[in-house]
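Sequences are here, hints too, so could you generate the full structure?
Order-wise, the sequence lines are chains A and B. Numbering-wise (numbering that gives the first Met the number 0), the first sequence opens with residue 0 and increments by one. Numbering-wise (numbering that gives the first Met the number 0), the second sequence opens with residue 0 and increments by one.
If you are wondering where the hints come from, they were derived from the structure by calculation, not from laboratory data. Treat the hints loosely; a few may be bogus.
What the hints assert, rightly or not - Far from chain A by the CB rule (all over 12 Å, computed), these chain B residues:
(1) S35
(2) T61
(3) H66
(4) N86
(5) N88
(6) I97
(7) E116
(8) N144
(9) D148
(10) A200
(11) L215
(12) I216
To be verified - To give an idea of the chain A side of the interface with chain B (calculated C-beta under 10 Å), a few residues:
(13) S25
(14) M32
(15) R33
(16) L81
(17) S85
What the hints assert, rightly or not - Just the calculated beta-carbon pair ranges, DEER-fashion:
(18) B:K189 / A:I48: 34 to 40 Å
(19) A:F74 / B:E96: 50 to 56 Å
(20) A:F74 / B:N136: 29 to 35 Å
(21) B:K189 / A:F70: 28 to 34 Å
(22) B:L161 / A:L71: 36 to 42 Å
(23) B:N28 / A:F70: 19 to 25 Å
In this text, a Cβ means the ideal position worked out from N, Cα and C, and glycines have one as well.
If you want the building blocks of each chain, they are given just below.
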Amino acid sequence: MNKLFLGLFYAFCGLLLAISVNLIISTNVWLEMRIHERLVLEVCIGLGIVFSFFRNSASVALFLVLQSTMFLICFWLSKMDLIYYSLRNFYLDGISISTIKIVFLTFLTLINLLIVYHLLGKKLTGFSKFS
Amino acid sequence: MKKTLAFLAIVALFFSACQKKDTTSTTQNVSVNGVSLSAPMKVDKENKTITILAAVNGKYLTENTRHAVVFKDGKFGDKPVFRAFQNQNDFLQAMLEIGGVAGNNMTKANGETTYVEGQKIALRVTWNGAPKSYDINEVISDSNNKLIDLRFGGNEKNAKELNTGCITCLDSCSVGIISNHAYTYGAVEKRGEVIFHGNAAILPKDGTLVAITYKLINE
Numbered sequence: 000m001n002k003l004f005l006g007l008f009y010a011f012c013g014l015l016l017a018i019s020v021n022l023i024i025s026t027n028v029w030l031e032m033r034i035h036e037r038l039v040l041e042v043c044i045g046l047g048i049v050f051s052f053f054r055n056s057a058s059v060a061l062f063l064v065l066q067s068t069m070f071l072i073c074f075w076l077s078k079m080d081l082i083y084y085s086l087r088n089f090y091l092d093g094i095s096i097s098t099i100k101i102v103f104l105t106f107l108t109l110i111n112l113l114i115v116y117h118l119l120g121k122k123l124t125g126f127s128k129f130s
Numbered sequence: 000m001k002k003t004l005a006f007l008a009i010v011a012l013f014f015s016a017c018q019k020k021d022t023t024s025t026t027q028n029v030s031v032n033g034v035s036l037s038a039p040m041k042v043d044k045e046n047k048t049i050t051i052l053a054a055v056n057g058k059y060l061t062e063n064t065r066h067a068v069v070f071k072d073g074k075f076g077d078k079p080v081f082r083a084f085q086n087q088n089d090f091l092q093a094m095l096e097i098g099g100v101a102g103n104n105m106t107k108a109n110g111e112t113t114y115v116e117g118q119k120i121a122l123r124v125t126w127n128g129a130p131k132s133y134d135i136n137e138v139i140s141d142s143n144n145k146l147i148d149l150r151f152g153g154n155e156k157n158a159k160e161l162n163t164g165c166i167t168c169l170d171s172c173s174v175g176i177i178s179n180h181a182y183t184y185g186a187v188e189k190r191g192e193v194i195f196h197g198n199a200a201i202l203p204k205d206g207t208l209v210a211i212t213y214k215l216i217n218e
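Structure, rendered in structure tokens:
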């Protein structure tokens with residue numbers, strides 16, 4: 000069960016990393032026209048899952064860094080909606096952008112709430128100490 | 000841990016149940032200017048027009064692209080302003096059937112120095128609820144304000160072999176069936192001469208089905 004949780008957690012971290020990479024790629028049209036967003040997502044999520052095999056706890060620090068990086072790049076480039084188009088191109092054709100936005104932000108919010116809960120002293124098993 | 004996982008699983012199930020239905024299933028029977036998902040191409044030999052069904056790709060209403068219309072299942076199916084439901088190979092055959100004269104003058108080697116030739120094409124876009132049928136120059140903006148000059152390039156062999164899905168490119172192209180005589184290959188991606196994107200002020204929202212009509216122009 001713990002391994003499943005870690006796999007999902009680090010896969011989500013990989014997803015955040017992939018979104019950041021896709022946002023950076025979008026600044027160069029030559030790269031953007033050649034690199035498919037779904038490929039970046041597949042590689043990063045795969046790396047996240049592999050990384051989870053070598054970890055015993057979910058790294059709160061890693062998650063917060065990746066999340067902050069993603070939002071900072073979004074704000075710098077003023078490309079908030081590209082997050083959702085990146086996700087849609089990951090085999091989610093036919094699902095509306097608004098639905099993808101709601102689901103993604105809900106998951107992100109839930110994980111943040113779990114981390115806040117954890118950091119406030121209600122130690123959840125599976126999460127690392129914030130260090 | 001089990002509680003955390005169970006909680007996340009319940010939330011995931013809740014949202015998957017709440018998701019809007021796949022637009023392709025809900026719009027299966029919707030017809031736009033005579034084309035639909037079950038019949039995505041209409042050929043009118045008498046008027047020398049071909050109409051195909053496509054969906055607006057909201058991403059390229061703000062982002063730069065060199066692809067106007069690409070078959071959704073082609074290699075570049077996620078890169079155009081309009082994602083077509085009709086494949087490029089059948090489209091090319093239909094162009095030949097209505098009497099289109101292909102230029103076939105583009106190769107990978109000469110792309111950056113050659114302008115696409117072939118019969119001139121007028122492209123118009125409309126959708127259900129649109130006030131009129133729009134010319135391509137109204138729905139796709141060129142940062143240099145040059146008019147998009149579409150030509151039937153042909154490129155049958157490359158289109159089949161490379162399977163990019165390209166139906167209409169925004170610079171001269173050795174793969175796309177139809178491309179823009181106004182720029183040579185590389186103007187968008189390599190040399191940054193121009194920025195193209197869909198006109199968000201006119202086009203409907205992401206995912207809206209549109210009918211794209213190509214008409215041969217006899218000069």
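Review point. With 10 Å as the cut and Cβ atoms as the points, is S85 of chain A at the interface with chain B?
Key: holds (9 Å)
**Study point:** Cβ distance range 28 to 34 Å for K189 of chain B and F70 of chain A, holds or violated
**Key:** holds (31 Å)
Point to revise | Range hint 29 to 35 Å (beta carbons of F74 of chain A and N136 of chain B) holds or violated | key: Holds, since F74 of chain A and N136 of chain B (Cβ atoms, about 34 Å apart) stay within the stated range.
Practice item. Confirm or reject the statement that N144 of chain B sits farther than 12 Å, beta carbon to beta carbon, from all of chain A. Key: holds (19 Å)
Exercise for review: Using 10 Å as the Cβ threshold, decide whether S25 of chain A counts as touching chain B.
Suggested key: Hint on S25 of chain A: holds, closest Cβ of chain B at ~6 Å, below 10 Å.
Check your understanding: Given L81 of chain A as an interface hint, is the shortest Cβ-Cβ distance to chain B below 10 Å?
Key -> holds (7 Å)
**Study point:** Range agreement (Cβ of L71 of chain A with Cβ of L161 of chain B, hint 36 to 42 Å)
**Key:** holds (38 Å)
Exercise for review: Would you assess whether T61 of chain B, listed as outside the interface, keeps its beta-carbon beyond 12 Å of every beta-carbon in chain A?
Suggested key: At roughly 7 Å from the nearest Cβ of chain A, T61 of chain B sits no farther out than 12 Å, so the non-interface label is violated.
Check your understanding: Is it the case that I216 of chain B keeps its Cβ farther than 12 Å from each residue Cβ in chain A?
Key -> Label holds. Min Cβ-Cβ 29 Å, cutoff 12 Å.
Exercise for review: Report holds if the minimum CB distance from N86 of chain B to chain A is greater than 12 Å, and violated otherwise.
Suggested key: holds (16 Å)
Exercise for review: Run the C-beta distances from A200 of chain B to all of chain A and say if the shortest one exceeds 12 Å.
Suggested key: holds (16 Å)
**Study point:** E116 of chain B and chain A, when compared Cβ to Cβ, separated by more than 12 Å
**Key:** With a cut-off of 12 Å, E116 of chain B remains clear of chain A, as the shortest Cβ separation is near 24 Å.
The structure shown violates the earlier hints numbered 2, 3 and 23.
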